[in-house]
Structures are given as structure tokens and as C-alpha cells.
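Top to bottom, those sequences are chains A and B.
Just so we're aligned, residue 1 is where the first sequence starts under this note's numbering, counting upward by one.
Just so we're aligned, residue 1 is where the second sequence starts under this note's numbering, counting upward by one.
Hints may contain errors.
Said to hold, decoys possible - Across the chosen pairs, the derived CB separations fall in these ranges:
hint, chain 1, residue 1, chain 2, residue 2, range
1, B, Ala77, A, Leu30, 32 to 40 Å
2, B, Leu81, A, Glu62, 15 to 23 Å
3, B, Val196, A, Gly82, 29 to 37 Å
4, B, Phe160, A, Leu57, 22 to 30 Å
Simulated from the structure, these hints should not be mistaken for laboratory data.
Model, not experiment: these values are computed from the prediction.
For glycine and all other residues, C-beta sits at the position ideal for the given N, C-alpha and C.
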Amino acid sequence: MTDSLIPLIFGMAAVTYVPRLMPFLLLNRLRIPYRVNAFLKAIPVAAIGALIVPGVLTATPELPAAALAGMGFTLVCGLFRGGIIIPVLGAVGVAWLVLAFFG
Amino acid sequence: MTLASEPPGMMKMEIRHAVRAGIPIFIGYFPAAVAFGILAKGCGTSLVEAFLFSAVVFAGASQFIALNLLMTGMGPAGIILTTLLVNFRHFLMSAYLSTRLRNLARKTYFLLAFGVTDEVFSVLSFHDKSLTPRFVFFLELSAWSGWVSGTVCGFVLGGFLPDILTQSMGVALYALLLAILLPALKTSRQTVFLAVMSAGLNTLLIRLDLLPAGWTIIVCILVVALVGAFLIPEKKEMLSD
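Assemble the whole structure, with the sequences as input and the hints as a guide.
So, in C-alpha cells, the structure goes:
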């Protein structure tokens, strides 16, 4: 590559940053109607399902079962024990074990 | 960001909580960023360029896509437009976060908006205490440092992480999202319904392959949140501040 990529990088940064910023500037002092607020409040749940599936199936591309086993650990551990760090580290450990033995 | 009335030790504790909440994001971002650094070097970028990609764009998927497009010879305008499309989902995430971070100084929004990634948004969404600018900032900083340090390590050290470790650490991001959602899934059938609907719709949309990258999630958010907004509200105010 001969051309500097720096103008491209800052262009990408701008079109990434502006959509991240605008809602804060537009909405923060506005009185938000009840239904709109209900919509906004439902965004996290609506987003997280789609962020997990189907991406998780390709997290360990050679052996999807490894990622699924890790998620199984998170599910069980998170349901019965709660917390974030142990369910996450455990998922990494389980995925590693499955990859080590069956990969 | 110190408040005059704040009891001593509050600030430190809040920072510690934010960094702790950021650890799973760091673990997930680091190996992905190493892969980005390696790929960037392979594409012929300089160390400074690879660093800047991660430090100022700070949006994983779009950075990988940009490298691919560069290799195909696409010009900057096309790559920037693609980046806009891929990252536009953060508009909706910021719209949600703005309901939890109201009436702050404008300059605070300019700072905090930079770090709104999928995972930062997810962690903040289900943080059960009210969000303070300091908590948000240090969570974002933890995530950002994982992404930037991983990029530099990948560029400089190459494939120093064993493949098996990279792959298993990659599961961390998905496990994080699930762990965040679980308390709500446990207490609310409506949440289970909406989350499954969103996962199913996204799988379907990706299979159909009609939308550009990043837009299947936008459609999922719009459709599922709209359904959520019209369901009978449950008594538990789990997402309110």
C-alpha cells in the first residue's frame, strides 16, 4: 500500500462516532413520550439476542460444540450462582477443554 | 468528574467496579484485536495506522471489513460508507443509553459516546444501579485498552497466542452477553420471548442474506423492541433507572 491510510481511518472514525453521539445530543433534554420510552427501554433485550445468535455458532469455527459447551456452562453457572466473571471465565475454560480434547 | 459532596473513597470504589465490569470485555476484545493487528500487518499497514484504526475507530467488525475491502481495492469512499452502515446499530444503542444518562453536560456526552460498542452497551444496559459518567467512562476505558493493546501486540508480536487460546477466549464475548441477560431471563418470560425472537429473526435474516453487514441487527432491534414496547408492561421495572 503506497497511500497513507490515515485519512481513511479518520473518515471511518467520524462515521462511527457521529451515530454514537447524536442520540445523546438529541434526546437528553427532550421529554420522551411513553411509547417511545417503552421502545427505547426494550432495545437491550432486542439487541442482545441478535448479538449472540448466530454469531456464537462461529466463535470456535472448527468445532462449534466447544463454544456451545462454554455457553452451556455460562447458562448453568449464571442461573444457579449468578455473577459475570466466573460464568465468563468458566465458558472460556470449558471451550478450551473441549477444543483440547476433541479439536 | 469529582463531586464536592462525594464521600471519600466513593470515587475509587466506583472506578474499581467499572474496571471489574470491564474485565470480561477486555478478555474478549484482546484476542480479537490481536487477530486484527496480525491481519493489518499482513495487509501492509504501518504500526501507527493499525494503532489508529483501533484507537480512533474502535469498532471491531467494521475494522476487519475495512481491511478486506482495502485488499479488494475498494476506494476510501466505499469503505467509509460501508463503515457507516456496519456501525449504524450503535445509533440505537446510544438512543437507549441516553435514557439512562440524562441531563449531563454536553462535553460529557462527547466523551462517553465514543466508547459505545456492542459489549459496553450490553454491560451498561443491565447494570442495575443508576449510571454515572465516571462508571461509564472507566468501563469504556477498560474495553478500549483491551482493543488497542491487543492490536499493538498482534502487530508487533504476530501469532503469539496459541490458536486454541484465541478461539476459546473468543467465546468470552458471547458468554458475557448471555451472563448479562440471564438475571432478566430468569425473572421475566417476556424477556425470554423477546430474546429468543431476536435471535431467531437475526438467524433468519443472515440466512436470507438480503441485508448488508450490521443491518440484520438493526432490523432485529427495531422489530423486537417495537414488539416489546407494545407488550403489557410487567410490574418489575428491571430496566428503569
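Comparing the hints with the structure gives:
1. Between Ala77/B and Leu30/A the C-beta distance comes to about 34 Å, which sits within the given range of 32 to 40 Å.
2. About 34 Å separates the C-beta atoms of Leu81/B and Glu62/A, a value inconsistent with the hinted range of 15 to 23 Å.
3. At about 21 Å, the beta-carbon gap between Val196/B and Gly82/A misses the expected band of 29 to 37 Å.
4. Restraint check, Phe160/B to Leu57/A: a C-beta distance of roughly 27 Å satisfies the suggested window 22 to 30 Å.
Hints 2, 3, counting from the list given before, are not met by this structure.
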